[in-house]
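In order, the protein sequences belong to chains A and B.
Each residue of the first sequence is one higher than the last, beginning at 1 in the working numbering.
Each residue of the second sequence is one higher than the last, beginning at 315 in the working numbering.
No lab work stands behind these hints: they were computed from the structure.
Note that the structure is predicted; figures quoted are calculated from it, not measured.
Beta carbons are placed, not taken as given, at the ideal position from N, Cα and C, and that holds for glycine.
Do not rely on the hints blindly, as some may be mistaken.
Stated by the list, open to error - Residues of chain A placed beyond 12 Å of chain B at every Cβ, according to the derived structure: (1) P132; (2) L149; (3) R197; (4) V222.
Stated by the list, open to error - So the derived label-pair ranges between C-beta atoms look like this: (5) A:L134 x B:G325: 53 to 63 Å; (6) A:K142 x B:N345: 27 to 37 Å; (7) A:V173 x B:G643: 50 to 60 Å; (8) B:H359 x A:P128: 14 to 24 Å; (9) A:P140 x B:S478: 42 to 52 Å; (10) A:I117 x B:S469: 49 to 59 Å; (11) A:L134 x B:V564: 30 to 40 Å.
Claimed, not checked - So the derived list for chain B, only partly shown, Cβ under 10 Å to chain A, looks like this: (12) A338; (13) L340; (14) A351; (15) T352; (16) N457; (17) L461; (18) S466; (19) A598; (20) I608; (21) I644; (22) L660; (23) L662.
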Amino acid sequence: MEIVFVLLDDLAFLIGVTLLYSSPLIFTGLGGVVTESTGVVNIGLEGMMTLGAFAAASVAYYTADPWLGFLAGGVAGGLLALLHALATVRFGADHIISGIAVNFLGPGLALFVSRLIFNGATQTLTVPNKIPKLFDGVFPSKSFFDLILKQDATVYIALVLVVVVWFVLYRTVLGLRLRSVGEHPLAADTLGLSVERLKTYGVVASGVLAGWGGAAMSIAVVARFSPGLISGQGFIALAAMIFGKWTPHGTLAACLFFGLAKGLEVYLGTRFPIPGTLLAMLPYILTILVLVGFVGKARPPRAVGQPFLKERHS
Amino acid sequence: MRKLPPLALTGLSLLAGLIVGALALLAAGYNPFAAYATLIAGVFHAPRDWSFVLIRSTPLVLTGLSVAFAFRTGLFNIGAEGQYIMGALGATLFGVFVPLPAVLHIPLTMLAGILCGAAWGAVAGILKSRWGINEVISTIMLNWIALYINNSVVSVEGFRRPHSEASLQILDSARIDWLGAWKTTPEGLAFRESQPLLNDILRTPANAGILVAIVAVILVAFLLEKTVLGYRLRAVGFNKDAAAFSGIAVPRYVVISMALAGALAGLAGGLQVQGVSREVAKLAAMEGNGFDGIAVALIGFSQPWGVFGAALFYGVLKHGGPKLQPALGIPMEIIQIIMGSVIFFLALPGIWQTLANTWRSWRGNRVRSSR
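Bound-form chain A, shown alone (with noise of 0.2 Å):
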């Protein structure tokens, strides 16, 4: 009997230690979703992570106020995909290009400020309070649900996120259009829609998702921000929106699974150092069988990629 109950509290432990990673993930890779869906793709999301994660630790620290931090983290995002949005939906550029360029600017913007308003630190100090964390004390400390269940309240805003976006691509006829700016953007024009509006909305839709995603980590996850602190999670977000073909519940379910690598990597790491990094590298080894067709077959928007331009077609 009292094997059962440990075995049962690292389960709990191992299912909250997922959510508690995944959340970071689930926000960018809805970003993903969502700016894949109206075709442009942004590899960017790695620099909006990071952009947003200095924004949200930054006012999460001047004002105190960890909620303030959030939204901050988001127009950070939504800021720098107004960029990418520009170049790639008004002025046609590489999608790929942009979003190298926004990947230095992201990074490189925030350690600019940082060094500028930390005293030359490129770590924030810690804020002094961070996201709540929701069923605190709802249940005996370390039982089987608290330690599922007292997440950080980011964890359930990412989870909500992934119903609202669900909806919106699919249920609504913003949705509708959204998707059909990526799946033919000459057919929407046809129709009257307008495809850069579309594409715009779409593509900083998903650096507020991205910027969201930074604060998960910076102020729910951990207390500050660091150099060091995204390094690739926008490019696993990338993978699991792949993972995930392409839509916000199969993102969902490919960032719990790489949450959960992350997970065992931790929870495992400290005594096996090897299968540790085994486990970290798995999610890009699982992204590249899934599109090589191993693990059922993906297919991206069909004019993913692809710049529109208005005049070239009239």
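Keeping the supplied structure of chain A fixed, place chain B upon it in accordance with the hints.
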């Protein structure tokens, strides 16, 4: 409407990037002129500064060439980062464990780097030619897989240097820094005492890497412009369908192209180990050598000598950047902001074309009305 020549586009983008950098400095309350003056002065201050610029430019030339080469053959190699990591790892393993006389050890260690990079590049090439997987996505994934392979291998007992997060150091016979081991011997120190200028350069890890990089520039230019292989590779890049129609086995050339691009990035990693670091370390995050290579390739307009010039330019910024902090208190990340802006403007040929057209029509109207 006349199209802008590439050189004008590059020049305008560089200028615009420097202006954005200046605006960022102004907004932060610094004098941009003082900043840029310090940057340039910092590079021409002493002989060791020239040496450092060359040392910093060496990997950039090669990762830039890697990306540029792939570009010219119609592929986007985001994977130079991972190929660099694999090259550095391969060269270190060979440099540590295979004792040979220097005359063999130096070129074979380079070859180990080249082969590991090429193999890693070829994986992306095969994924594309066999399963149609976009190389942008696959190389992003392969970069991270390479990083974790590096971390796994470095932590293996026997290769890991005890009490450290790095590998053992390569044998002296594989080193390519000038007078590498000799310069710290008593005779070496006595000699350096008598030669102040040379001594200043020998204080840096000055190495033969830049010469190898120049040879690579020449070889890539020759390969692309003067050989049948290069012609076919470019044909595939220019129009895949036309190339296939004229009898070129496109899938095979995709693999060849990615392997060669990987070889160049792998060589960059190998030379860095042989000339500067002598070891590989556990990586917490990407170092950015490959991503910097993308910037260099774009600025150099994917022309081999253009890449060389762009790498020197970036080398200057990279060496001068950290000097801004102690001198003026300016965060060195201003370099990243400048480079990001330059790439951004390079990605926007539309904006320059619009500006050029507006300028021409405005000037045209003026000429007409003055008649």
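Exercise for the section: Closer than 10 Å between Cβ atoms is the bar; does A338 (chain B) clear it against chain A? Give me holds or violated. Expected result: holds, 7 Å
Problem - Non-interface claim for R197 (chain A), where every Cβ of chain B lies beyond 12 Å - result: At about 18 Å from chain B, R197 (chain A) clears the 12 Å cut-off, so the statement holds.
Handout entry: Least C-beta distance between P132 (chain A) and chain B, which was stated to exceed 12 Å
Key = holds, 30 Å
Problem - Hint validity - A598 (chain B) Cβ closer than 10 Å to any chain A Cβ - result: holds, 5 Å
Handout entry: Distance restraint evaluation - P140 (chain A), S478 (chain B), Cβ atoms, bounds 42 to 52 Å
Key = holds, 44 Å
Handout entry: Outcome of range test on Cβ distance (H359 (chain B), P128 (chain A); 14 to 24 Å)
Key = Taking Cβ atoms as reference, H359 (chain B) and P128 (chain A) lie about 44 Å apart, which means the hint is violated.
Handout entry: Restraint satisfaction for N457 (chain B) [CB to CB of chain A, less than 10 Å]
Key = holds, 8 Å
Handout entry: Residue hint I644 (chain B), partner chain A, criterion CB-CB below 10 Å
Key = This hint holds: I644 (chain B) lies near chain A, its Cβ roughly 9 Å from the closest one there, short of 10 Å.
Practice task
Verify the interface restraint on S466 (chain B): the C-beta must sit less than 10 Å from at least one C-beta of chain A.
Solution key: holds, 4 Å
Problem - V222 (chain A) remote from chain B - nearest C-beta pair above 12 Å - result: holds, 15 Å
Exercise for the section: May I ask you to test the hint 30 to 40 Å on the CB atoms belonging to L134 (chain A) and V564 (chain B)? Expected result: The hinted range 30 to 40 Å is violated for L134 (chain A) and V564 (chain B), with Cβ atoms some 55 Å apart.
Problem - CB-CB spacing for G325 (chain B) and L134 (chain A) relative to the 53 to 63 Å hint - result: Taking Cβ atoms as reference, L134 (chain A) and G325 (chain B) lie about 55 Å apart, which means the hint holds.
Hints 6, 8, 10, 11, 13, 14 and 15 from the earlier list are contradicted by this structure; the remaining hints agree with it.
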